[in-house]
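*Asks:* For reference, the chains in residue letters:
Protein chains: 2
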Amino acid sequence: MLYFIGLGISEKGLSIEALEILRRVDTVFLELYTSIIPDFKLDWLENMLGRKIRVVDREDLEERGGEDILREAKVADVALLTPGDPFIATTHIVLRIEAERRNIKTRIIHSSSIITAAFSSCGLQVYKMGRIVTITIPEPKVGYRPITPYLVLKENLERGLHTLFLLEIRAESGEFLTIPKALELLEDMDRRVGEESIVDDNTLVVGLARVGTPNEYIAAGSLSELKDIEFGPPPYSLIIPGVLHPIEEEALTTLFDCKLEVIEGWRERVKSVLKNT
Amino acid sequence: MLYFIGLGISEKGLSIEALEILRRVDTVFLELYTSIIPDFKLDWLENMLGRKIRVVDREDLEERGGEDILREAKVADVALLTPGDPFIATTHIVLRIEAERRNIKTRIIHSSSIITAAFSSCGLQVYKMGRIVTITIPEPKVGYRPITPYLVLKENLERGLHTLFLLEIRAESGEFLTIPKALELLEDMDRRVGEESIVDDNTLVVGLARVGTPNEYIAAGSLSELKDIEFGPPPYSLIIPGVLHPIEEEALTTLFDCKLEVIEGWRERVKSVLKNT
Chain A
971 MLYFIGLGIS
981 EKGLSIEALE
991 ILRRVDTVFL
1001 ELYTSIIPDF
1011 KLDWLENMLG
1021 RKIRVVDRED
1031 LEERGGEDIL
1041 REAKVADVAL
1051 LTPGDPFIAT
1061 THIVLRIEAE
1071 RRNIKTRIIH
1081 SSSIITAAFS
1091 SCGLQVYKMG
1101 RIVTITIPEP
1111 KVGYRPITPY
1121 LVLKENLERG
1131 LHTLFLLEIR
1141 AESGEFLTIP
1151 KALELLEDMD
1161 RRVGEESIVD
1171 DNTLVVGLAR
1181 VGTPNEYIAA
1191 GSLSELKDIE
1201 FGPPPYSLII
1211 PGVLHPIEEE
1221 ALTTLFDCKL
1231 EVIEGWRERV
1241 KSVLKNT
Chain B
971 MLYFIGLGIS
981 EKGLSIEALE
991 ILRRVDTVFL
1001 ELYTSIIPDF
1011 KLDWLENMLG
1021 RKIRVVDRED
1031 LEERGGEDIL
1041 REAKVADVAL
1051 LTPGDPFIAT
1061 THIVLRIEAE
1071 RRNIKTRIIH
1081 SSSIITAAFS
1091 SCGLQVYKMG
1101 RIVTITIPEP
1111 KVGYRPITPY
1121 LVLKENLERG
1131 LHTLFLLEIR
1141 AESGEFLTIP
1151 KALELLEDMD
1161 RRVGEESIVD
1171 DNTLVVGLAR
1181 VGTPNEYIAA
1191 GSLSELKDIE
1201 FGPPPYSLII
1211 PGVLHPIEEE
1221 ALTTLFDCKL
1231 EVIEGWRERV
1241 KSVLKNT
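These protein sequences, in sequence, are chains A and B. Mind the numbering: the first sequence is residues 971 to 1247 in our numbering, read in order. Mind the numbering: the second sequence is residues 971 to 1247 in our numbering, read in order.
Same shape as in the complex, but just chain A:
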């Protein structure tokens, strides 16, 4: 049996069921390269479980196809711990498919994920979430500057939907994209597309750092305001809202001191982008 177990988005995000399983399986593997969990310490988890954990890296899972894990899961009960909710990082589904092909049973133990937590933590409704998109760290050598995040935002706004941007983080090398830098990239994409601007100084933005942890920091305001904020360490995400319900507007003003005039300005601009479909 092979369990895929989510570590969640904060240090102690494992569920009670996950703990029970981790205490009884034969081997516990863990990967921490697909994301970063603030303050998470391997020592702490090993002490709590009273057992050793085997750390696997990208090479083990992607180049060697998780062969060690599969071989062990064929004859014993094995758990693989991953940040967030399992399979939100898309690399692990291949391992699950291969396990099932070899007649190894699999089960998923879910946990919190930034995808729902980003919305619930800032008072925006997840039912108005459009397509999610990642803003990647620029590769100056490649010379190719993708505009996908801008295009996804535009499509979502045309339907009045909120856009969640995940900011790339390379856990292995310690590189990450900051919120001000991501906002700059979005502005640059907007300029390059050259249509009527949707990302500029007056765009309403919610910036989220370390969601779900005791040191969570969230700010809501105009893009120019957010560019001057020091959000502290990663991980980060951004939301650019679509059509806001009055209660969502209240959440942004009450919980994060977002200025009403920024919201009102944005409300008018979203109206002009909305497509009557």
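Source of the hints: derived by calculation from the structure; they are not laboratory data. Among the clues, some could well be false.
Each pair may be met inside one copy or between any two copies, as identical chains are not told apart.
Said to hold, decoys possible - Here are the simulated DSS-like cross-link-like pairs (lysine-lysine), alpha carbons at most 25 Å apart as the crow flies:
1) K1022 to K1011
2) K1124 to K1241
3) K1075 to K1111
4) K1229 to K1075
5) K1124 to K1098
6) K1229 to K1098
7) K1229 to K1124
8) K1044 to K1241
Remember, it's a predicted structure, so these values are computed and weren't measured experimentally.
Using the hints provided, position chain B relative to the given structure of chain A.
*Replies:* Chain B alone, transformed into the frame defined by chain A:
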């Protein structure tokens, strides 16, 4: 201080951090009317925490505005437990806003949510999720049959995105919408709109019951195949996929024995719905 704590989607879905907080706060409230957690028992939780829990209902929270909770949180540490990830049910944000207005600090302890778990449990990529929509229990007396779920599906498909349908459940009265009934309703909406059909016997559908629990049941196949399946007790959800990546197709065939010809047929139909935007 007022903690909003997610119970997650399964019996033992509470996180380690949630447990620590629940053991030290002065009062614990719990609502179970916004969703159903299979096999969750209040007794079990009270025994594990070694304390009593106060159950609140819709009237307490929505008509009386959670006044009891707010008054207590003004002078003590209080936790409110809710199914899934807090605030995914949209009713509780009002309570958080009111708390902050009264200078009561709030914090959210996240947990698993059907929204990400539905995708990760069936091998579909959450990055291709379009707008989410709920299919509600029909109200024959009202005479109004909404077509919103169909319209959302169509918009998502035009962009190649997957659609997650949540099937309404009324925890208080025990009423719920089954998967076969929801599929019938979608077919009926499709017929009433009268455009080129997208929901009929050959539509590719993933049906999910009790996601994240030990008794999870997932089936993937044509709508006509899924209509004949007995999914067992609720909660339920459905996904109608958009453009599938080869690995997503492999997940559906390997993990759920989905027939390749159903996937291939659907692939062609999605192509014809795709809008070049």
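*Asks:* All hints, please: hold or fail.
*Replies:* Hints versus structure:
no.: 1; hint: K1022 to K1011; result: within (13 Å within a copy, 33 Å between copies)
no.: 2; hint: K1124 to K1241; result: both (13 Å within a copy, 22 Å between copies)
no.: 3; hint: K1075 to K1111; result: neither (44 Å within a copy, 47 Å between copies)
no.: 4; hint: K1229 to K1075; result: between (52 Å within a copy, 21 Å between copies)
no.: 5; hint: K1124 to K1098; result: both (15 Å within a copy, 16 Å between copies)
no.: 6; hint: K1229 to K1098; result: within (22 Å within a copy, 33 Å between copies)
no.: 7; hint: K1229 to K1124; result: within (24 Å within a copy, 36 Å between copies)
no.: 8; hint: K1044 to K1241; result: neither (56 Å within a copy, 40 Å between copies)
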